[in-house]
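A.B. asks: The residues making up each chain are set out below.
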Amino acid sequence: MVELSAEKPFAGMHLPVQMGQTALAAAQAVPLFLIGTGQAGLPAPGRGDPALFWYADNAWISTQGPGVEVTDMWPGLDLTGADAGAVMARLCGLDVQAMQPGQVARVDLAHCPAIVLPLDNGFHIKLMRSFRESAVVMILAAMKSVAAQALLD
Amino acid sequence: MTRLARYGHGVDTGVSIPFTFDGKPYCGHPGDTLASALQANGVRVMGRSFKYHRPRGVLSADSTEPNALMEIGTGAERLPNTRATTQELFEGLSARSQNRWPSLGWDVMALNDMLSPFFGAGFYYKTFMWPASFWEKLYEPLIRRAAGLGRLSGLPDPARYDKATAHCDLLVIGAGPAGLMAALTAGRAGKRVILAEEEPLVGGRLNGEAIEIGGHSGLDWASGIRDELQSLPNVTLMLRTTVTGAYDGGTYGALQRVADHVPNPAEAPRQTFWNIVARHALLTSGAHERMIAFANNDRPGVMLGSAVRTYLHRFGVVPGQRVAVFTNNNDGWRTARDLLDAGVTVTALIDTRADAVPDLDCPVMTGAQVVNTAGRLGLERLTVAHSDGSRTQVNANVLAVSGGWNPALHLGSHMGARPVWRDDIAAFVPAGDGVPGLRAAGAAHGDFSTHAALQNGAQLAADLFGQDLPDIPQAEDAPTTITPFWHVAGKRAWLDFQNDVTVKDVQLAHRENFRSVEHMKRYTTLGMATDQGKHANVPALAIMAELTGQSISDTGTTIYRPPYTPVQIGALAGRQKGAHFAPERRSPAHAVALKAGAKWVDAGLWKRASLFPARDEKYWRQTCDREVLMVRNNVGVCDVSTLGKIEVLGPDALTLLDRVYATGLATLAQNRVRYALMLREDGLVMDDGTVTRLGQAHYLLSTTTGAAGQVLSHLEFCAQCLWPELDVQIAAVSDQWAQFAIAGPKARTALEGLLDGAVDLPFMGYAPVRIGGVDARLFRISYSGELGYELAVPARFGAALFATLIKRVASLGGGAYGLEALNVLRIEKGFLTHAEIDGRVTLDDLGFGRMGAAKEDFIGQEMAHRPGLGGLQLVGVKPAGVVRQLTGGALLFDLEDAPVRENMRGHTTSVAFSPVLGHMIGLALLQDGRARIGEQLRMVDHVRDVTTICEVVSPVFIEQTGGQGNG
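Protein sequences, first through last, are from chains Y and P.
Counted from 1, the first sequence has number 30 at position 30 by the numbering used here; the numbering is strictly sequential.
One rule links them: number in the numbering used here = place in the second sequence (from 1) + 1000.
Only chain Y is shown next, with the shape it has when bound in the complex (with noise of 0.2 Å):
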């Protein structure tokens, strides 16, 4: 019988990374499930956490099924430390520093689809998995650059 090895999704991009006050690390991998409605508790538009957060009309993803399969089209990382906010600024047009956790953005991040949502100590990112490679090489630029400031004042 066949054996088919599951590539994780950030191999070879040398993560866990610490620069300056921020650090990125690969997200614990979950399975995610697109689900429609017909359910209770479910968040209102731009609400959520990481176990179950709006997505787009009348849909939601959710870490327990039934419902379409999306883990392996949304990888998780997440961006945490006390530069964290200013490392976003640089990525994405959203206003960081009022956004909370229970809240769920879907934005472009580096020109890269990407959702985000706030943890206590900075952001979990999706990024869709096709883009990821594109996605942390600026997210890693934008920490670099951030480090490198901090060191000129």
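Treat the hints loosely; a few may be bogus.
For lysine-lysine, the following DSS-like pairs were computed, each having C-alpha atoms within a straight-line distance of at most 30 Å [said to hold, decoys possible]:
id, chain 1, residue 1, chain 2, residue 2
1, P, K1607, Y, K8
2, Y, K8, P, K1599
3, P, K1618, P, K1607
4, Y, K8, P, K1577
5, P, K1595, P, K1607
6, P, K1829, P, K1599
7, P, K1829, P, K1618
8, P, K1051, P, K1126
9, P, K1137, P, K1051
10, P, K1618, P, K1599
11, Y, K144, Y, K8
12, Y, K144, P, K1607
13, P, K1746, P, K1807
14, P, K1595, P, K1746
15, Y, K144, P, K1163
16, P, K1577, Y, K144
17, P, K1746, P, K1599
18, Y, K8, P, K1807
19, P, K1829, P, K1878
20, P, K1577, P, K1599
21, P, K1595, P, K1577
22, Y, K8, P, K1595
23, P, K1829, P, K1855
24, P, K1607, P, K1746
A few chain Y residues that don't get close to chain P, going by computed Cβ distances all over 10 Å [said to hold, decoys possible]:
id, residue
25, L15
26, V17
27, A51
28, Q100
On the chain P side, residues computed to face chain Y include the following (Cβ under 10 Å) [said to hold, decoys possible]:
id, residue
29, A1268
30, S1734
31, V1774
32, Y1789
33, V1793
34, A1799
No lab work stands behind these hints: they were computed from the structure.
Glycine included, every Cβ here is placed at the ideal spot set by N, Cα and C.
Given chain Y, work out where chain P should sit, using these hints.
C.D. replies: Just chain P now, with coordinates in the frame of chain Y:
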């Protein structure tokens, strides 16, 4: 040269910084600009003017500087047109003057000045015309060489730039007294404040004067406010940050100079370009002092009075031992007073107002005007004309001119509003509602006293946020007393220093009837240099107003546009350059293909493998032909993961899809696949793909790679806007699945043993399958015409599956194939891509005229019946004469017609060499194509210069292939 003791609060004279200018070594201090350091070293000539190559010195002490433009740095980092007044000094800075040869002191091109009567405004409209043959060979190259100011290095810019976004409740533009009070008021109220300041220090005008606030030095006051602001977590102070433009929706562009003043920035970006989103904004950008135009007013040593005071107070430098002052308002007296306090000789104060009564301990001339200056390479003396007609020579090597103040209102007019003229201050002020959410305060608003700045800044911020007014410290509140005086009649008097435009040029424009300010601007080029005419515009339009007899208010200004100061293109590009210009999308099998030696092609943002050359293959056709024959004779594997995949579920899924597709879907049974076409509302074909019925109310759509986003948007529009009552769920899953085509006579053999279970699918069938326990999807569909399958697994298994498949087929004489071969195979079968579905064809054009005939209605059906729509029908073409070459996008003509546009009958869409048939084949769209099968045409490619006689044939070149057979 030593600095004046007790002056120069902005420099640290204890530390020495070496730098070079035109190759000569000099020293300055931390806090110096290049301009202040050069002046401290006795350097007066800093450049040569654009047209006439006249020696020029520094005019100002800020970013409005028109004269002292330098090349900073060497090699790839060399940057032209950098203002010496804003370039901070750092160790090892290398600066060169511009626009002179061979040297600043002796410039050959100064000849232009002697020939100046021939180089007046608009001279190039009257010259360079005869003889006509000279234009391309002589005149144009000459003009190109002479044109432009500054030289680029021609090498790629090695610096890094960031782009970033910031949000705030209040953006304060300018950290002078007004801005500091506004930021403090809003900051103390807990609002999110961004205070942007162009200079490296706060204080604005306070840095260039001896002004007291609250009984203490204005500088101390400003430092205290700055310290408090920096202690507030909700306030961000952005120094060295110029707000460059005001745009829609309360957004502002701002350029932050992160490392322009740092010799070795390491990994830090040179600059960051910010998009600041502000609920409210305050323009507290101060005002720019005006020149007065008089004969030879461009001699080095003639400067703005406020600049002389700034060089004195902030930098401890007076650029000459004998200073004269020329003014039309009370502000000029401050220059004389400050210089006398510093022990500098003031040789004359010349006031245009006959009724002025300055109380100063120096020679005073009222009702007088400066009518000329003299001195080689710098001012040595000036000529003053008195109201009684007599003239005096005044000895001076610096002339401090004060012509009044222009509020720095540019941002307030960036959205098209024109500023408003006020006679009482002889200046324009910002239009009140020019930019929604932006208000002006202080000098930017035309309120020039320190008290007014403090008061207005605090008041506006307090009003915005419903706060009480904070205490306003005591400060001078002198009224503005100015008698407008724009120019002295006489010889050439400069208005636009950077573009070398004089009063005479404006008069010429008027004589030649270019009288509106917009015409005057283009005809004379006044205001079109890198300083955007900050010193030239107002005097010029005042002079034009005099000439036309209109009021200044009616004459008006030209349009203001961002950026306020020059911004490098690199800063606007940020990180998006070179390999990072756009993100790259990679299929799950990318790394495996890379290892297998794939050649790549861009398909939108995707990288797709186009060929898998064998080691001995040198030319792409060798690979492509081999891969095509491999699929037709054995088996090949192709990565088709990039195609769009959308699942549609719910009780109304079929209803939605049946309305969206022209193809009938009601009869699509579970576990069956159907080729389907969808139309745009205007009746033209939008995309083709497949619809698979996965379950009772569960469908899977495939789209072309390029149209995936468009189709998803279209479906969402239909579901959300057209028919929100439908109970349907749309799930885009393109990146969830890796998918591979396995095609060729041995395709089934290749799959046997791979899947858990037997492979037994009818043509256009679907089955859920398993591979090593992993849930997978198997489709029996073929884009090559051969026996073909597509196998999909969740993306994390894609790499492993592709590697496994390539290994399995290798043992059967097969291998991987890329887009080139995929394309040949499908052209041989007459299958479509967006080369044929180009947005201008109908179903009938493509040979699907009867599709959807049985359906009630679907998107595009109505409009598809418009007469005259489409008409270019899909056919095949093959070479029929001596020339065997076909090209894509070539035009088709009847044999007896001349190959000109009017005789076009159609065009080729896709061409390829068919290794099966041994000649080139092509698909084409041709008028009445189907009726012309068997006829001959002329194919002409005007771009590549290819002409081929062709025969029109069926688009299906190879009829018999194994795709639909039982197997």
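A.B. asks: Taking each numbered hint in turn, which are not upheld by the structure, reported in ascending numerical order?
C.D. replies: 32
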